[in-house]
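A.B. asks: Here are the chains, one letter per residue:
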Amino acid sequence: MNYAIALVLGAFFGFSLNKAGLTKYNKIVNQFRFTDMAVLKFMMTALVVAMIGLYGLRGLGLVTFPTVPATYIVGNLAGGLLFGVGMALTGY
Amino acid sequence: MDWLKKQISKETWSPYAAGILLGIVGVLAVLLSNKLLGASGAFENLAGMIGKAIVPNAFNNMYFNVVMPPGITWGVILLVGVFFGGMIGAATSKSLKWGKQDASNSDTQWKRIFGPQTWKRWVLGFFGAILLEYAAGIAGGCTSGLAISGGMLLVPAAFLFIAGMFGSGILTALIIYRNRY
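These protein sequence lines are chains P and U, in that order. Residue numbers 1 to 92, in our numbering, belong to the letters of the first sequence in order. Residue numbers 1001 to 1181, in our numbering, belong to the letters of the second sequence in order.
Just so you know, the hints here were simulated from the structure itself, not pulled from any lab data. Quantities reported herein were computed from a predicted structural model and do not represent experimental measurements. Yeah, the Cβ is synthetic: ideal placement off N, Cα and C, and Gly gets one too. There is no bait here: all hints are sound.
With a Cα cut of at most 20 Å, we get these calculated DMTMM-like pairs of lysine to aspartate or glutamate:
{"no.": "1", "chain 1": "P", "residue 1": "K24", "chain 2": "U", "residue 2": "D1102"}
{"no.": "2", "chain 1": "U", "residue 1": "K1120", "chain 2": "U", "residue 2": "D1102"}
{"no.": "3", "chain 1": "U", "residue 1": "K1100", "chain 2": "U", "residue 2": "E1011"}
{"no.": "4", "chain 1": "U", "residue 1": "K1010", "chain 2": "P", "residue 2": "D36"}
{"no.": "5", "chain 1": "U", "residue 1": "K1010", "chain 2": "U", "residue 2": "D1107"}
{"no.": "6", "chain 1": "P", "residue 1": "K24", "chain 2": "P", "residue 2": "D36"}
{"no.": "7", "chain 1": "U", "residue 1": "K1052", "chain 2": "U", "residue 2": "E1133"}
{"no.": "8", "chain 1": "U", "residue 1": "K1094", "chain 2": "U", "residue 2": "E1011"}
{"no.": "9", "chain 1": "U", "residue 1": "K1094", "chain 2": "U", "residue 2": "D1107"}
{"no.": "10", "chain 1": "U", "residue 1": "K1120", "chain 2": "U", "residue 2": "D1107"}
{"no.": "11", "chain 1": "U", "residue 1": "K1094", "chain 2": "U", "residue 2": "D1002"}
{"no.": "12", "chain 1": "P", "residue 1": "K24", "chain 2": "U", "residue 2": "E1011"}
{"no.": "13", "chain 1": "P", "residue 1": "K24", "chain 2": "U", "residue 2": "D1107"}
{"no.": "14", "chain 1": "U", "residue 1": "K1111", "chain 2": "P", "residue 2": "D36"}
{"no.": "15", "chain 1": "U", "residue 1": "K1097", "chain 2": "U", "residue 2": "E1011"}
{"no.": "16", "chain 1": "P", "residue 1": "K24", "chain 2": "U", "residue 2": "E1133"}
{"no.": "17", "chain 1": "U", "residue 1": "K1097", "chain 2": "U", "residue 2": "D1107"}
{"no.": "18", "chain 1": "P", "residue 1": "K41", "chain 2": "U", "residue 2": "E1011"}
To spell it out: a stretch of chain P is covered by chain U in this simulated footprint if at least three of its residues, at any positions, have a beta carbon under 8 Å from a beta carbon of chain U; those stretches are:
{"no.": "19", "region": "5–15"}
{"no.": "20", "region": "22–31"}
{"no.": "21", "region": "41–47"}
{"no.": "22", "region": "55–63"}
{"no.": "23", "region": "67–80"}
{"no.": "24", "region": "83–91"}
The shape of chain P in the complex, shown without the other chains (with noise of 0.2 Å):
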């Protein structure tokens, strides 16, 4: 039952990418050179829209959030710098 959930879920976070072009290698690497602010504008609304629903949800007790990232600065932050540097090479 869990795997038919993450099965469709799975498949409308790939459309949702597909839609947005971020399957395109012009449309991330573009974001890096700011021509094309669609990488941002797709990441900021669906952190927005998750945000809202998932504390509202929870502020109504209907769910409880899964452990969390951990959070440890420099790994996180050396990560995303080499993260950075993949990204703009490769546009995935």
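We have chain P; now place chain U onto it with these hints.
C.D. replies: Chain U alone, transformed into the frame defined by chain P:
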């Protein structure tokens, strides 16, 4: 209904509309399965599974035993869904390039910068992806698993990661594009 059909067959949506869809998917993942969306972790689960079968000693460490236990996890199934979802997205707008002539590299901007050779893109994609996956391992997630899933729970790690990602991404783009930036 006609309106819906028209929207689905469009190649590119407004990023805001697609973002709303992803936001809803993110909420549903927590609500229905108590899981966070993510992509890079699934590759590590799969790599751990293959690694343990071939060289068990090299994979018998903290990371692959505790942090990223191998196996067909929820995330792996999600990734399968992402693959087919992306394909459906492309097929509905008739931009699916499966078996077409320029299927392996159809990006005109990429060709202008790096040249028309397909093998170059494959090499760059391969080594770039190693870098991506390794970096995601260090940071504890990728764009979806940490930046978006962590961000929507207001985890500080997500915003550190986004800052680092944009900092070095802009720098890398500057170096690649130089005066064409």
